[in-house]
Amino acid sequence: MKPFKSLLFLLAVFAVLAVVMLVMPEDGIRINDDSSIKFTTFERLFSKKPEKKNVDKIIESDVDMDKLDEEERYIVNSDNTIDTVKIIVDEQIKVVQKFQYANDDPSVLYSFFEELLGMKDGGDVRVIHYGDSQIEGDRITDFLRTKMQGRFGGTGPGMVPAKPANNISASIKQSSSDNWKRYTVFGKADTTLGHKKYGSLGAFGRFAPVIRKNDTLRIYSDTNAVYEGWLRFDKSSAAYASNRIFSKVKMFYGNNTKPVTAGLYNGEELIEEITLLANNTLNLAEWDIPADANPISIKFSGKDSPDIYGISFEGQNGFAMDNVPMRGSSGLDFTRMDMTFLANMYRLLNVKLLILEFGVNIVPNVTDSYGFYEKWFLEQLKALKRINPGMAIIVIGVSDMSRKNGEYYESYPNVPLIRDAQRNAAFKAGCAFWDMYEAMGGENSMYSWATADPPLAGKDFTHFNPRGARIIAQMFYNAFLLEYNNYLKGLTEKSKGKEKEKEKKKNAK
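Per the numbering used here, residue 52 is the first one in the sequence shown, and the count goes up by one each step.
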């Protein structure tokens, strides 16, 4: 072929390719449900490589506020006065991202701060950390729990489900007999249960089949059947020290049609056996155990199974924090539960703060506006505050997420929109907000976290690994502690003001 004809041929090929690039949809042409034809586009071909965020400064700012040399120490005296030993100012701490409030009003957290102050008298305070798969395995929660327990007292890993979705928690190891089944309000819920009593974990477990309303055949044919099941809990060597210490076991149960015996064991030694009477209300069983008890087992036997809403491992008093991962949820499932039942469980647990961390399941559904999500999420926040007046809520915004665009990974373009919807809902409901997206570094930060050395997130460019989760938890804890110290500082200044007024009145006489 002559050079001129070769040139014409190449130009024709380039022209055809250019036309294909021009008309090809960004997501390709779908052939069937399983396959599609994709081709690069002009936008991808000539797009600028996304800027990789430098996360070194973020990692450097991973400062433990409990270990700062110049940390402010507020000591609460027996007469409720407060002594300031040292002062923390903003320049002395590296808080990456502060809490945000509607009208910059932090008083939405004061009810919880008051509860923390009251713990010096031996009180109990509980926090529940709800989230999606981002917090599975007790990630983020475990660090926050051990830091808060170190500061305010308390031990134990808190509430766990009878039948977890997986056994990946680093805080406590679980196993069970094979006949346990898990029922959840999130994900694919069983609509034939006949009730919506899921409790604070949004889930319950059973070792006997559910008796449904019209299941008369089973009711009469199984009158002599006896069901047995067991649960075992082992302390984890990978857990933080405070999570391995507990002296009380609490079990929340109900909805059994027949009496059931439940025996608590320390290894092979029976500590106590009790009878769980038949009823359809929320009940609490408690056992005191030796501090060195391990493993702990609960063995059940009866003609039915109660719904087990959770088993909590705690100290005799102090701070408790539950990790509640709701895989696949966008934080919109709470009002699908029996809210009166949930309110009763919150009261029994003395829940004073909820932390809600959702959003990654919304991100793949890219659209131009998330007003619908803001509205639905606001309804959840209002409902939760309504059933437990005085309870504070902190909303943690969605993390950054990356997707592959041509040869490069870049942030989903809708992440800031979802973050804004969550923040707007939080402000309208009177909740605090913490911006995890900005704390990570903003746009394209997840790619940097996943490719850091060592990595801070998985190669799905969505979930933090344990190291990244700890850094996020430290950032959040620093922001929380700054707010708490500011609150105590305000009490100190108010107390000093009252003393000055007293002195003025005294001198005036």
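Bear in mind the hints are in silico, worked out from the structure with no lab data behind them.
There's no promise every hint is true.
Stated by the list, open to error - No more than 27 Å apart at the CA atoms, straight line, and that leaves these computed lysine-lysine pairs for DSS-like:
{"hint": "1", "residue 1": "171", "residue 2": "436"}
{"hint": "2", "residue 1": "426", "residue 2": "224"}
{"hint": "3", "residue 1": "455", "residue 2": "149"}
{"hint": "4", "residue 1": "247", "residue 2": "545"}
{"hint": "5", "residue 1": "301", "residue 2": "350"}
{"hint": "6", "residue 1": "479", "residue 2": "239"}
{"hint": "7", "residue 1": "433", "residue 2": "239"}
{"hint": "8", "residue 1": "171", "residue 2": "239"}
{"hint": "9", "residue 1": "232", "residue 2": "309"}
{"hint": "10", "residue 1": "247", "residue 2": "214"}
{"hint": "11", "residue 1": "455", "residue 2": "510"}
{"hint": "12", "residue 1": "354", "residue 2": "309"}
{"hint": "13", "residue 1": "286", "residue 2": "350"}
{"hint": "14", "residue 1": "301", "residue 2": "171"}
{"hint": "15", "residue 1": "214", "residue 2": "426"}
{"hint": "16", "residue 1": "171", "residue 2": "309"}
{"hint": "17", "residue 1": "286", "residue 2": "309"}
{"hint": "18", "residue 1": "171", "residue 2": "232"}
{"hint": "19", "residue 1": "301", "residue 2": "286"}
{"hint": "20", "residue 1": "350", "residue 2": "299"}
{"hint": "21", "residue 1": "433", "residue 2": "350"}
{"hint": "22", "residue 1": "224", "residue 2": "214"}
{"hint": "23", "residue 1": "149", "residue 2": "214"}
{"hint": "24", "residue 1": "545", "residue 2": "149"}
{"hint": "25", "residue 1": "301", "residue 2": "224"}
{"hint": "26", "residue 1": "299", "residue 2": "286"}
{"hint": "27", "residue 1": "510", "residue 2": "232"}
{"hint": "28", "residue 1": "247", "residue 2": "171"}
Against the structure, the hints come out as follows:
A threshold of 27 Å between alpha carbons decides the hint, and for residue 171 with residue 436 the separation of about 26 Å falls inside it, so the pair holds. Using a Cα cut-off of 27 Å, the hinted pair residue 426 and residue 224 is violated, with the two alpha carbons roughly 38 Å apart. With a C-alpha separation of about 31 Å, the suggested pair residue 455 and residue 149 falls outside the 27 Å cut-off, and the hint is violated. With a CA separation close to 47 Å, the supplied pair residue 247 and residue 545 exceeds the 27 Å bound.
Of the pairs offered as hints, the one joining residue 301 and residue 350 holds, with about 15 Å between alpha carbons and a cut-off of 27 Å not exceeded. For the proposed pair residue 479 and residue 239, the alpha carbon gap of about 30 Å is over 27 Å, so the pair is violated. For a cut-off of 27 Å, the pair hint linking residue 433 to residue 239 stands: about 24 Å separates their Cα positions. For the suggested pair residue 171 and residue 239, the alpha carbons sit about 43 Å apart, so the restraint of at most 27 Å is broken.
This hinted pair checks out: residue 232 and residue 309 have alpha carbons roughly 18 Å apart, not beyond 27 Å. For the proposed pair residue 247 and residue 214, the alpha carbon gap of about 18 Å is at most 27 Å, so the pair holds. This hinted pair checks out: residue 455 and residue 510 have alpha carbons roughly 11 Å apart, not beyond 27 Å. As the CA atoms of residue 354 and residue 309 are separated by approximately 6 Å, the hinted pair is consistent with the 27 Å bound.
With a CA separation close to 18 Å, the supplied pair residue 286 and residue 350 stays within the 27 Å bound. For the hint pairing residue 301 with residue 171, the CA-to-CA distance comes to about 23 Å; that is within 27 Å, so the pair holds. A distance of roughly 33 Å separates the Cα atoms of residue 214 and residue 426; the hinted pair therefore is violated under the 27 Å criterion. A hinted pair counts as satisfied when its Cα atoms are at most 27 Å apart, and residue 171 with residue 309 does not qualify at roughly 42 Å.
In summary, the hint linking residue 286 to residue 309 is not supported, as the alpha carbons are separated by about 32 Å, beyond the 27 Å threshold. Note on residue 171 and residue 232: the hinted pairing is violated, with a Cα-Cα distance of about 41 Å set against a maximum of 27 Å. The hinted pair formed by residue 301 and residue 286 meets the criterion: a straight-line CA distance of about 16 Å does not exceed 27 Å. Simply put, residue 350 and residue 299 have alpha-carbon atoms about 17 Å apart, close enough for the 27 Å limit, and the pair holds.
Only pairs whose Cα atoms come within 27 Å are accepted, and residue 433 paired with residue 350 is rejected, the gap being roughly 39 Å. For the proposed pair residue 224 and residue 214, the alpha carbon gap of about 12 Å is at most 27 Å, so the pair holds. Pair hint residue 149 plus residue 214 does not hold up; C-alpha atoms about 36 Å apart against a cutoff of 27 Å. Only pairs whose Cα atoms come within 27 Å are accepted, and residue 545 paired with residue 149 is accepted, the gap being roughly 24 Å.
With a C-alpha separation of about 17 Å, the suggested pair residue 301 and residue 224 falls inside the 27 Å cut-off, and the hint holds. Using a Cα cut-off of 27 Å, the hinted pair residue 299 and residue 286 holds, with the two alpha carbons roughly 14 Å apart. The hinted pair formed by residue 510 and residue 232 fails the criterion: a straight-line CA distance of about 32 Å is larger than 27 Å. Between residue 247 and residue 171, the direct Cα distance comes to roughly 37 Å. Violation of the 27 Å bound is thereby established for this hinted pair.
Checked against the numbered hints given earlier, this structure breaks hints 2, 3, 4, 6, 8, 15, 16, 17, 18, 21, 23, 27 and 28; the rest are met.
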